[in-house]
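2 protein chains.
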Amino acid sequence: MKIIVIGAAGTIGQKIVAAIEDGHEIIKVGRKSGDLHADITDPGSLKELFEKAGKFDALVNASGDVAYSPFRELDDSHFDVGYKSKFLGQVHLVTLGKDQINDGGSITLTSGILSHEFVPFGSAGSAMNSAIETFAQAAACEIGRGIRINVVCPGLLEESAKAYGSYFPGHIPVSGSKVAQFYKRSIFGVETGKVFLAIR
Amino acid sequence: MKIIVIGAAGTIGQKIVAAIEDGHEIIKVGRKSGDLHADITDPGSLKELFEKAGKFDALVNASGDVAYSPFRELDDSHFDVGYKSKFLGQVHLVTLGKDQINDGGSITLTSGILSHEFVPFGSAGSAMNSAIETFAQAAACEIGRGIRINVVCPGLLEESAKAYGSYFPGHIPVSGSKVAQFYKRSIFGVETGKVFLAIR
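In order, the protein sequence lines correspond to chains X and P. Under our numbering, think of the first position of the first sequence as -18, with each following residue one higher. Under our numbering, think of the first position of the second sequence as -18, with each following residue one higher.
Check the hints yourself; a few may be wrong.
Which copy? The list can't say, so a pair holds if one copy fits it or any two copies do.
[Unchecked claim] Using 30 Å as the maximum straight-line C-alpha spacing, the simulated DSSO-like pairs for lysine-lysine come out as follows:
| no. | residue 1 | residue 2 |
| --- | --- | --- |
| 1 | K65 | K33 |
| 2 | K79 | K65 |
| 3 | K13 | K33 |
Treat the hints as calculated values from the structure; they're not laboratory data.
Take these sequences, add in the hints, and give me the full structure.
This is the structure:
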């Protein structure tokens, strides 16, 4: 199977590659690293990526940002970060990727636990993580040609707990290796329109 | 109680006003009709609205748009309509309204059934309805001063079934009067951070 992994050098991306590379052709994509370069906030770079990559069987994205802000200081800029990256960036992976993906292929996107659980500073992230989860579920109904679309929603990662754990009081971290299993399930399974809560 | 109703002249807005006006001071707001004028897509008009209205006890919004498009023709413009209106427009009601609302007041926003059920042409609307529902739930945790925030998620309205029913195959319409009861529950009840599914 030919599988494109965007954000392959990231904390989750590396674990995904390790979990799926055996017996498959993996095209690792990063903004500045990997086999091919692309930035999900730049649709031109995605078009170029799909042209260079050619037909493929699975697309996995483990990149995308949201902004954190104290509630009283929220302004449009905080929402715009997530809208352009986590939301529209991943929407473009579906709308541009669908023309290059083989029949029966799969697209696996990434949200984050803020769509389901609320933490201080997190409301802009909550909104945009939720938006991409719901878009993916709707798109899975409409995309056709047997193409599946799922979203993995990772909890606080063990690997990130030192840096970000204070934003997630009481959250029990999950290992990147466990999270990677949900991507594997999406890529090689039969499910579609699912949000996999990768929190334990 | 002093209650601001935005979109008061609309199909749902009229039913809300009828359901809550007895014994309360209602400030009806519309783009071109009502006691005061505002457009949720124009933050300047909202600032002016809150200055003119003064302190209030409840804010209800029954306005906001999303765009419909065939899946294969989706582009950023379809998402942007909902992002600027249904999402950011209602976010601004929270971020600007919170400084004028009395302690213990309530803010009631509107999403739409596309956040939970998927129909042809609806994926951009699904995403932005979901985003505002999740933002409201997160914001309800953080807003403080006893202020409550809820979202009413109306199904296909009986009053709109003739015009829009073909987009919602198999959906059983709900009357605007029934939908209005969920707004009443949000305004005069004790619940917060809820999404009221007003579908029957």
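Quick rundown of the hints versus the structure:
| no. | hint | verdict |
| --- | --- | --- |
| 1 | K65 x K33 | within (23 Å within a copy, 34 Å between copies) |
| 2 | K79 x K65 | both (19 Å within a copy, 26 Å between copies) |
| 3 | K13 x K33 | within (16 Å within a copy, 52 Å between copies) |
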